[in-house]
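Colleague: Read off the chains here:
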Amino acid sequence: MNLQISSRLAIFALLELAVQPDRQVSVAEIGKKYGISSHHLAKVMRALSRAGLVHAVRGAGGGYQFSGNPRRTTLLDVIRLFETMGPANTRVGAAERTAAARALRELLGEIDDIARATLGSVTLATMLKLVERQRAPGRRTAAGARSASAG
Amino acid sequence: MDVIAQTRAGDDAVAVRRVRAGDIADVIALDERVTGLAKPDYWHDVFARYGEHRLDERFFLVAEPATANGPPAILGFIIGEVRAWEFGSAPCGWVFALSVEPRARLHGIGRALFEAISAEFAKAGVGKMRTMIARDNRLHLMFFRSEGMMAGPYIQLEKELD
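From first to last, the protein sequence lines are chains A and B. With the working numbering, the residue at position 109 of the first sequence is 109, and numbering never jumps. With the working numbering, the residue at position 58 of the second sequence is 58, and numbering never jumps.
Just so you know, these hints were derived from the structure itself, not from any lab. Watch out, some of these pointers could steer you wrong.
[Said to hold, decoys possible] Straight-line distance between alpha carbons at most 30 Å, and here's what the computed BS3-like set of lysine-lysine pairs gives:
1) A:Lys-129 - A:Lys-43
2) B:Lys-39 - A:Lys-129
3) A:Lys-129 - A:Lys-32
4) B:Lys-159 - B:Lys-39
5) B:Lys-159 - B:Lys-128
6) B:Lys-159 - A:Lys-129
[To be verified] Covered by chain A, according to a simulated footprint, are these stretches of chain B (three or more residues, beta-carbon under 8 Å):
7) 23-37
8) 145-151
All C-beta atoms, glycine included, are put in the ideal place defined by N, C-alpha and C.
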């Protein structure tokens, strides 16, 4: 599945801030690390601020500070600020009233349900642990292991 | 002494040990408080199967305060076993029940139970553990994710029987 760019930026920014909740981090600093335009990121940060997940610190050395609860804020909570996690297929027309289309919608709905359950069960605190695992040298991901056994 | 692990959970020390027959009334009451359903026959059967037999591969663990200043009380329990070759899977530890007293949550009791059964599985010689959680059970999903569990290579399927 794909996330909209704003959702991805929001997750990256929140992880940057949540790992050091006492530190103020500027939009430019986050933008530089992820190669993101400061303009786009600033809009994302304002949305996160309105949601109470970050707060702006003004003045010299200002920026943003994390103000959410990393153990209670899930990826789904963040994503829903920027996009609707609804049914993937909302087309209208004669074909959509057919049994084949309904069967396809049911199957795609199953995939959506699993995606929502997954994103709704991973908190920012859990994500920070996953980020650490990715940094660990010589680690083997489940996906990597599957590819290896399939290949 | 049958304590498997002792840890600090919030401000209090918590001990994890194997279940005893005298704990089952507490287990039944805790499960009823959490699920809203009383299942005494089920829990007596689970005790007979997981608390008394094949203890080298079956683990029914309970958490309780390490210092008994008041009446003994079970703060939570976890149950699992080593299963081999079901669904084509190599021997693996399966957790099929976890419950923590609602008033004692967010104090590390679930983690203490999880770590204790992980250690028991490892001692039993398996290198992986699994569980299955309802998609709408956000609390358990968040907990097991926070303990490092990820989606595995199996997909659960089911069918209504008309």
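Colleague: Against chain A, does the region 23-37 of chain B show at least 3 residues with beta-carbon separation below 8 Å?
Modeller: Our answer is that it is violated, as 0 residues pass the Cβ test (under 8 Å) against chain A, missing three.
Colleague: Checking one constraint from the list: CA of Lys-129 (chain A) to CA of Lys-43 (chain A), max 30 Å. Satisfied?
Modeller: 27 Å, holds
Colleague: Closer than 8 Å Cβ to Cβ for three or more residues is the test here. Does the region 145-151 of chain B pass it with chain A?
Modeller: holds (count 5)
Colleague: Going straight from one Cα to the other, do Lys-39 (chain B) and Lys-129 (chain A) come out at no more than 30 Å?
Modeller: With Cα atoms ~37 Å apart, Lys-39 (chain B) and Lys-129 (chain A) exceed 30 Å; violated.
Colleague: Given the hint that Lys-159 (chain B) pairs with Lys-39 (chain B), test it: the Cα-Cα distance must not exceed 30 Å.
Modeller: 25 Å, holds
Colleague: Check the hint pairing Lys-129 (chain A) with Lys-32 (chain A) against an upper bound of 30 Å on the C-alpha distance.
Modeller: 23 Å, holds
Colleague: Please verify whether Lys-159 (chain B) and Lys-128 (chain B) have alpha carbons no more than 30 Å apart.
Modeller: 28 Å, holds
Colleague: Do the alpha carbons of Lys-159 (chain B) and Lys-129 (chain A) lie within 30 Å of each other, as the hint requires?
Modeller: 36 Å, violated
Hint compliance for this structure: hints 2, 6 and 7 are not met, and every other hint is.
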